[in-house]
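J.: Please build the complex by placing chain R on the supplied structure of chain W, with the hints as guidance.
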Amino acid sequence: MRARGVGGAEWQLALPLALAYAAFFLVPLLLLIVVSAFDNETLTTVRFAQWRKFYNDPFYWKVIVDTLKLGFYTVMATTVIGYPLALVYLGARPRWQRLILFVVILPLLTSVVVRTFAWIVILGREGVINQAVLGLGLSPAPLRLLQTEYGLVIALTQIEMPLLLLPLLSVMSRLDPNLKDASAALGASRWRTLFRVTLPLSLPGLLAGCMLVFASSTTAFISQFTIGGNRLVYLPLLIWQQSLVVYNWPLASVAALTLLVSVSLGVLGIAAIGRRAQAHAA
Amino acid sequence: MTHRSITRRRFLGGAAALCGVATMPGRAHARGSVTAAMYPGTWEDAYRAHVAPALKKAHDIELEMTPLFAVDQIAKAQASRGAPPFDAFVLDPGPRVTAIERGLFEKFDPKRLGNLARLPSGSTDDWGVTVAAQVVGIAYNPKKLPRPKAWTDLLKDPWVSRLGMTGFQTTYGTVSIIEIAKQYGGSETNVEPFFVEIRKVLPKVAAIGAPASMPSLFQQGQCDITYTNTQTVATLAGRGVDVEFVKPESGAVAFFTTMHIAKGSQAVDNVYKYFDTVVSAPVQGALMQPPNNMVPVNREVKLAAGLPMASLDEMSKFVRHDWSKINPLRASWIERFNKEVSK
Chain W
8 MRARGVGGAE
18 WQLALPLALA
28 YAAFFLVPLL
38 LLIVVSAFDN
48 ETLTTVRFAQ
58 WRKFYNDPFY
68 WKVIVDTLKL
78 GFYTVMATTV
88 IGYPLALVYL
98 GARPRWQRLI
108 LFVVILPLLT
118 SVVVRTFAWI
128 VILGREGVIN
138 QAVLGLGLSP
148 APLRLLQTEY
158 GLVIALTQIE
168 MPLLLLPLLS
178 VMSRLDPNLK
188 DASAALGASR
198 WRTLFRVTLP
208 LSLPGLLAGC
218 MLVFASSTTA
228 FISQFTIGGN
238 RLVYLPLLIW
248 QQSLVVYNWP
258 LASVAALTLL
268 VSVSLGVLGI
278 AAIGRRAQAH
288 AA
Chain R
88 MTHRSITRRR
98 FLGGAAALCG
108 VATMPGRAHA
118 RGSVTAAMYP
128 GTWEDAYRAH
138 VAPALKKAHD
148 IELEMTPLFA
158 VDQIAKAQAS
168 RGAPPFDAFV
178 LDPGPRVTAI
188 ERGLFEKFDP
198 KRLGNLARLP
208 SGSTDDWGVT
218 VAAQVVGIAY
228 NPKKLPRPKA
238 WTDLLKDPWV
248 SRLGMTGFQT
258 TYGTVSIIEI
268 AKQYGGSETN
278 VEPFFVEIRK
288 VLPKVAAIGA
298 PASMPSLFQQ
308 GQCDITYTNT
318 QTVATLAGRG
328 VDVEFVKPES
338 GAVAFFTTMH
348 IAKGSQAVDN
358 VYKYFDTVVS
368 APVQGALMQP
378 PNNMVPVNRE
388 VKLAAGLPMA
398 SLDEMSKFVR
408 HDWSKINPLR
418 ASWIERFNKE
428 VSK
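As they're listed, the protein sequences go chains W and R.
For the first sequence, the residue numbers in the working numbering are 8 to 289.
For the second sequence, the residue numbers in the working numbering are 88 to 430.
Here chain W stands alone, though its shape is the one from the complex (with noise of 0.2 Å):
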């Protein structure tokens, strides 16, 4: 397959893609790293005078760790929370296995933007979360959970979890379920068999959904800013504000540029941490 696909005739099916990778994110991307250079708003001298505000400015680097952590807190959520049901998925007849497809592709079906909205209704001081808190006598106040990095990463839990799901289930579907009756003809406990025969065969997919998990919530502008506010501080606020609001754009492409390399560091971890468990697992 793979000879075939390099070296044969058919690289030419990557054309298009590959044509509008050039067009619309190379260039660009170039476009933002000279932009970078400059160092005032009407881009006229160059001595990268943004990216040693930026680097030198121990906020910054706060602000940097943070999105990272709150992807880290995210992957970790999800994770722990969709394990469990793809295990379910696994072990369901065919007819629940659709239905329970249909649930996790549904949020989906809805606009971010709605989703987000709908978080604040739910954490709000008057929400359904409090109401149930302070009707359950939990607590006397209460809870503040909107603009805090608790409840943004509920938040993002669900707003995310489709990301996660949806390469972990095509991979556990093609899973041979005799391996687990093996497993357990020859002995191994439940557990035994979920860590050494389920887990591991279904890290590729696993692994995936974290990647695309990460990315997508160090970058979700609109949900951090929308349920965190203006108290939490992530890489995409800085963007817009310095892009849209004030129009320093060498400084906006700096944080850019910044979340692109963070990001792209996360995920090559997340690789590296998942190649790492296989050759461990084997």
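Be aware that a few hints might be false.
Claimed, not checked - Keeping only pairs whose Cα atoms sit at most 27 Å apart, straight-line, the calculated DSS-like set for lysine-lysine is:
| hint | chain 1 | residue 1 | chain 2 | residue 2 |
| --- | --- | --- | --- | --- |
| 1 | R | Lys334 | R | Lys389 |
| 2 | W | Lys69 | R | Lys389 |
| 3 | W | Lys76 | R | Lys426 |
| 4 | W | Lys69 | R | Lys291 |
| 5 | R | Lys291 | W | Lys60 |
| 6 | W | Lys60 | R | Lys412 |
| 7 | R | Lys236 | R | Lys404 |
| 8 | R | Lys360 | R | Lys389 |
| 9 | W | Lys76 | R | Lys291 |
| 10 | R | Lys269 | R | Lys236 |
Keep in mind that the hints were calculated from the coordinates and are not lab data.
These numbers come from a predicted model, not from an experiment.
T.: Frame of chain W, contents of chain R only:
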């Protein structure tokens, strides 16, 4: 069409034709049309409903709108110097000053407006015409809080623990923070006293939100007092939210949304007719009605009950700001706000 009739050649031919149509430049300015940049959302809806039909009826001119926020209008106009993608700008005071500095407007001749005599003095200048006013003050929920009197009340109990804030990203947020700073000894160019005071009460502040989410936060009871404009208050009240507008003791703030001719526009005559239609009494009256809730600029319009003034001339007593002084400082204020309020 049967399946057989779609040959590859025919399909490709059709597709090529479609691509050709799609890439054809937008309709050049045929006689009788004007392309106006327009704020997306409320403005676009209101202008489609009221301005477009009036312009068609009075002058037989088609109004084509390009939905763009102020900053995007400037970015686009700057990127296409000399051949603007639209004929008319609609801008708030900050971006207006930026656009003048960058030479994006044609000179404007107020005498070409038939309605000039009906506009309050100062409504026009060499660059454009005022098409709507915004009045900014305090909005609060009278069922949850006592009535605030001054800007300083926002940072005091019981109001501060129910306060919803936005930063310097919006015009109304910027002027409100300037007014708070002034009460503590600051000025149009010095908001430092605001930062000193806000630091003392920051943990109590109920919400520091994205401007677009503030109406939702208020409606959901996340905050019960905020600074905002009369338009937002009227819109919330129209949805059944308990909200009242308060003119602070030191005066409400007024600023104006203006329209301008894009440099290089090929439809200048039509643009004047468009502006004249926008500021005409029937159109201004319609734009004032719910759900648009805009503050009119034509003296012949009878003001709605919810507005904090009896006549447009009273607005000359409202607090105004000089955006040519604010613009250069705004970037550093935004940066400072981020650093002060982030956890």
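J.: Compare the structure with the hints numbered earlier in the document and write down the numbers of the violated ones, lowest to highest.
T.: The structure conflicts with hints 2, 5, although it agrees with all the remaining ones.
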